[in-house]
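For this one, chain A is given, so just place chain B on it according to the hints.
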Amino acid sequence: MTTTAPLAVPATAQPPSRPGRRLRIGPAVGLVPFLGFLTIFLVVPTVTVVVGAFQDDAGGFSLDRVSALFEETPMRALRQSLLLSLSSAAIGAVLGAVLAYLILAAPPTSLLRRVATAVCGVLAQFGGVTLAFAWMATLGFGGLLTDLLADAFGLDATGSGWLYELPGLILVYTYFQIPLMVIVFLPALEGLRPQWREAAVGLGASTWQYWTQVAFPLLRPAFLGSALLLFANAFAAYATAAALVSQGSPITPLLIRAALTSEIVLGQANFAYALALEMVVVVAVVMSLYAWLLRRTSRWLG
Amino acid sequence: MKIRRTLVSLTALATVASFAACAAPEDDDDSAGGKGEAATATSVEDFGDLDGLVEAAQEEGELNVIALPPDWANYGEVIKTFSEKYDIKVNSAQPDAASQDEINAAEQLKGTDRAPDVFDLGQSVALANTDKFAEYQVETWDTIPEEFKDADGAWVNDYGGYMSVGYDASKVPAISSLDDLLAPEFKGKVALNGDPTQAGAAFSGVVMASVANGGSADDIAPGVEFFAKLKKAGNFIPVDPTPATIASGQTPVVIDWDYLNAAESEKLDDWEVYVPEEAPIAGYYFQAINADAPHPAAARLWQEFLYSDEGQNLWLAGGARPVRAEEMAEAGTIDEELYAALPAVTGKPVIPTNEQTESMAAYLSKNWAKAVG
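Note that the protein sequences, when read in sequence, are chains A and B. Heads up, the first sequence is in my numbering, so the first residue is 7 and it goes up one at a time. Heads up, the second sequence is in my numbering, so the first residue is 99 and it goes up one at a time.
Hint data in this document are derived by calculation from the structure and do not stem from the laboratory. For clarity, every value in this text was computed on a predicted model and none was experimentally measured. Cβ atoms here follow ideal geometry from the backbone N, Cα and C, with glycine treated the same way. Just so you know, not all the hints are guaranteed correct.
To be verified - So these bits of chain B aren't anywhere near chain A, every CB distance computed over 10 Å:
#1 275
#2 293
#3 298
#4 338
#5 367
#6 436
Stated by the list, open to error - In the EDC-like style, the derived pairs of lysine to aspartate or glutamate whose C-alpha atoms are separated by at most 20 Å in a straight line are:
#7 B:285 <-> A:162
#8 B:327 <-> A:157
#9 B:468 <-> A:77
#10 B:247 <-> B:233
#11 B:247 <-> B:237
#12 B:178 <-> B:194
#13 B:446 <-> B:390
#14 B:464 <-> B:233
#15 B:269 <-> A:77
#16 B:208 <-> B:390
#17 B:330 <-> A:157
#18 B:464 <-> A:162
#19 B:330 <-> A:162
#20 B:468 <-> A:78
#21 B:464 <-> A:77
#22 B:230 <-> A:63
#23 B:285 <-> A:153
#24 B:269 <-> A:157
Unchecked claim - Chain A is faced by these chain B residues, among others (derived, beta-carbon under 8 Å):
#25 159
#26 220
#27 286
#28 337
#29 340
#30 341
#31 345
One chain only, chain A, in its complex shape (with noise of 0.2 Å):
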């Protein structure tokens, strides 16, 4: 649920290949397996997302649905989640960066760096309902921490139940950005070779012009394709937050769930389609802003 590929592919893109005139076969053929994955997984259901949201119940053409999304309910869970998405994957991304650098001073065949990149490779996993539940057991009402600081200092650490809204789900979500951002980040920043700093040194650089001048315009596009990841992680993340959230939807996802499962408020299927084709949208205007910010600071790179 929390992994997918990771998009921060390195800036230089190959020049593309000129193929023979002559059809070849043989390794598209290879592709195939992929291809049908590829159809079933997303093609499909991209396009039932997109003609659905433009149906209304009968089947007909609508653009109720669509015109829907724009009432206070669904933009206030498209506000939370925007807000919700981009201050988890800023803090993880920083939070993230930050320790990778901590990790990767450590010598490759220590200890700490092997346990703390293994640990990290666990924790990056660890969403869903167990991390919900794991959080509830810790500062929930009740919570093992709740108690104990109620005890000790007579502290109210839930108060109104801040952890089942949104602060909880930033503190929550935070949880497995950061290691995320570690295992996308950290080969990124190995690739920061020492000789460059030597070099940089030799010129007379000082530690600050190094640091602006050659590593972060390097790091720069990994770091916005991880950070990118990591928005797309959490605006996609659903598990988490349905085992913590049970009381008025915050966010868009589980605005999409109370559409399809509510029974209530019925026939609004069509509905959640268009919440999905909001969701896609919000992911494809990132996306693209993603590739022109690439295009910028490669530009000035090469």
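Relative to the frame of chain A, chain B by itself:
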């Protein structure tokens, strides 16, 4: 959408074809009736008598039920008793699913032998899907009050109850009105069973708060306002109460159906149930047979069992009010002790109609998230 529909009709076609294929050899077996015949049976007479129905059901050997939590209205024991009595394997899918999930499952699994045979639905979902139900009248049909059944038997109310507040008397003071919940002693303690824009029980909880605060079955706004106040006071917690959260003390006050709260009283010594006198909100669930049931005879036998004295008393044992309760009390077939143990309710019960539910639901879906978010 289109693609799925084509697939569904293809599957349906294949199913019809296989019915046709196996109908012929079963024709000479009159008493049991073929699968196709059981699917159209509208009463036990179509099988000859109850024994004929039992025989046909045992031939199928299995029954698919869905969304029946074992600790909800005693369903655990109902399933076990039925299974042992008739030697039929009961496959219970997604015990915690919502009513709409039952209909979704029936559509997605249509034509397979995993589709649900019977439904136990909330009011709005049941009334919106009557075309998916098979009409059937159980043997005890005449003893079910008119207002609790469809004239043709597409659906029948099964059990009901009143909205109540369950609370752990060792953790909070005794409750004598809903406004008590606003007091500081209830800080971080009051939970509602689900999101009222999604779950029937939670919806009725908001209706109860509304009626208690000057609203009515047409106007749910005072109820939403009550929960907004509760939230503002820091008393409302957005945790979905389950037997586990109640046992662990996470949700010391739970707004839910009285039979669900009553079930907790048996497990927890200090668990009390309060039904507000000024706002008795009643609600009945709906029982129906899937028109495309893969085990049509077993589905009908299940209905006969549920509406028999035995089945009705089993629900009563779970604290729910079985639909035949009054008639059984007159005939002396009800479990008196259990019947007397139901929470006392005075005042005229409020049962929202479908139109009232719809208009209130529309208001809720616009305003609930704002009130508690």
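Taking the least C-beta to C-beta distance, is residue 337 of chain B closer than 8 Å to chain A? 7 Å, holds
For the pair we were handed, residue 446 of chain B and residue 390 of chain B, check the Cα-Cα distance against 20 Å. 39 Å, violated
Given the hint that residue 208 of chain B pairs with residue 390 of chain B, does the C-alpha gap stay at or below 20 Å? Distance ~7 Å between residue 208 of chain B and residue 390 of chain B Cα, so the pair holds.
Straight-line alpha-carbon gap residue 468 of chain B to residue 78 of chain A, limit 20 Å: Holds, because 9 Å separates the two Cα atoms, which is no more than 20 Å.
Keeping to a limit of 20 Å between CA atoms, is the pair of residue 468 of chain B and residue 77 of chain A held or broken? 13 Å, holds
With 10 Å as the threshold, tell me whether residue 436 of chain B passes as away from chain A on beta-carbon distances. 28 Å, holds
Given the hint that residue 464 of chain B pairs with residue 77 of chain A, test it: the Cα-Cα distance must not exceed 20 Å. Distance ~9 Å between residue 464 of chain B and residue 77 of chain A Cα, so the pair holds.
Starting from residue 285 of chain B, check that the Cα of residue 162 of chain A is at most 20 Å away, please. 11 Å, holds
Given a cut of 8 Å on the nearest C-beta pair, is the interface hint for residue 341 of chain B held or broken against chain A? 15 Å, violated
Quick one, is the residue 286 of chain B hint okay against chain A at 8 Å, beta carbons? Residue 286 of chain B check passes; min Cβ-Cβ to chain A is 6 Å, inside 8 Å.
Pairwise hint evaluation, residue 157 of chain A against residue 330 of chain B, where the allowed Cα distance is 20 Å at most: 25 Å, violated
Return the status of the interface hint for residue 345 of chain B: holds when the least beta-carbon distance to chain A is below 8 Å, violated otherwise. With a minimum Cβ separation of about 11 Å from chain A (threshold 8 Å), the hint on residue 345 of chain B is violated.
Checked against the numbered hints above, the structure breaks hints 2, 3, 4, 8, 13, 14, 15, 17, 18, 25, 29, 30, 31 and satisfies the rest.
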